[in-house]
Amino acid sequence: MANEKSLPRRLYKYRAFSKNTLRMFSEAEVYFARPETFNDPFDCNPAVVSDVDMSEVERLWKRVAVRSHQARGDSQDAAREKAARQLGEYRYNATEYGGTYNDNGEGTDTYVRFLVRDITDYVNLRYQGHGVLSLAERWDCPLMWSHYAEEHNGLCIGYSTDDHRCKQLGPVNYRSSRYMKVSDLIEWMIGRSTAARDKVFQQYFYAKAPQWRYEKDWRAVSKANGTDGRPFHIESVHFGLRCDVSISTTIVKLMSGAADDIKFYQMASRDDGFKLRRYEMDLAEIEACGVRDSTHYLFDGFEFEPTEAIGKITGSQV
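What the sequence shown shows, in this note's numbering, is residues 1 to 318, in sequence order.
Check each hint, because a few of them may be wrong.
[Stated by the list, open to error] Derived lysine-lysine pairs resembling PhoX-like cross-links, with alpha carbons at most 25 Å apart: (1) Lys223 to Lys181; (2) Lys62 to Lys181; (3) Lys199 to Lys62; (4) Lys19 to Lys199; (5) Lys216 to Lys199; (6) Lys216 to Lys263; (7) Lys223 to Lys5; (8) Lys199 to Lys181; (9) Lys5 to Lys199; (10) Lys5 to Lys167; (11) Lys199 to Lys263; (12) Lys253 to Lys19; (13) Lys167 to Lys223; (14) Lys216 to Lys275; (15) Lys223 to Lys263; (16) Lys223 to Lys199; (17) Lys275 to Lys253; (18) Lys263 to Lys275; (19) Lys253 to Lys263; (20) Lys216 to Lys5.
Keep in mind the hints are simulated off the structure, nothing from the lab.
Can you build the whole structure from these sequences, using the hints too?
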């Protein structure tokens, strides 16, 4: 990966409790999300900028225009004809803003914007359908618990990265620019440079604004979005500060057959600041808990009223 950073031994997934979260345990699934569903509209949405002469932008545009038409079923000759006609329209439309398409002034700027817009659409088309699995380095980030684990009501799954099965796994670069250079796209799409291809891929999927640095995000990228088999072994499960005991009990009992290698933790607040701590849960105590009966039926067989029974149990007069 272009963004060199040592892979942590563990990565974490913050989740709200839901049917899909249960499937992550019962069906050994993970979910590769479509980038357009992310909460950051700039994520996986680069801005292509021209850093070359107009003629070079044209050369790249012609390549992607022909490929786009061929992808829609046109022959190579038909695709070239349509691209030439479209290029002529762009040159003409550029004159509406003053000058001509090659005047090195406003007309040229407008013309290049038309071409860059289509190039951007083509780059997005190339990566359409890809999915992203976002993970974090830490289990104790209060902001992550608030934003992605239903305000501490959810949980955080710890995955071991030993023997992982991800083809593309790397850290997000919070120092990268959002701008994608036309020169890099030319090297990739025309020059067939693998280094340029990898650079574009990194910038598309792994660049984020520095304000998101607290996430310490790592990503696995798949060519298909949606559910897929889990590429990691589960090593731990952390239950949030506000997580209901019914959720933790359900997860522990669900994973009891495979729980020998999984540690379960309850999150708690620390007294020395706005920080979180964890303590390991007593699995034997949880396993000993049976299914509770309704209090409406607990006192069946007694001749006194439930309110009287409460008094007898507590020693108080009701």
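Given hint Lys223 paired with Lys167 - CA-CA distance at most 25 Å: 10 Å, holds
Below or equal to 25 Å on CA atoms is what counts here, so check Lys223 against Lys5. At roughly 23 Å apart (the allowed maximum being 25 Å), Lys5 and Lys223 satisfy the hint.
Please verify whether Lys62 and Lys181 have alpha carbons no more than 25 Å apart. Status holds; Cα separation ~17 Å.
What's the verdict on Lys199 and Lys181, does the C-alpha distance respect the 25 Å limit or exceed it? Roughly 10 Å separates the two Cα atoms, so the pair holds.
Lys223 paired with Lys263 [C-alpha distance capped at 25 Å]: Roughly 32 Å between the alpha carbons, so the hint for Lys223 and Lys263 is violated.
Can the restraint linking Lys223 and Lys181 be considered satisfied, given a maximum Cα separation of 25 Å? Satisfied, since the Cα-Cα distance of roughly 23 Å is no more than 25 Å.
Below or equal to 25 Å on CA atoms is what counts here, so check Lys19 against Lys199. 37 Å, violated
Has the given pair, Lys5 with Lys199, been kept, meaning a C-alpha gap of at most 25 Å? 16 Å, holds
Measure nothing beyond the straight line between the CA atoms of Lys216 and Lys199; if it is 25 Å or shorter, mark the hint as holding. 20 Å, holds
Hinted pair Lys5 and Lys167, Cα distance within 25 Å: Within the cut-off at roughly 16 Å; holds.
Would you check the hint for Lys216 and Lys263, treating anything up to 25 Å between C-alpha atoms as holding? Given that 25 Å is the threshold and the Cα spacing comes to 23 Å, the pair holds.
For Lys199 and Lys62, compute the direct alpha-carbon distance and say whether it is at most 25 Å. 22 Å, holds
Of the numbered hints stated above, those contradicted by the structure are hints 4, 11, 15, 17, listed in ascending order.
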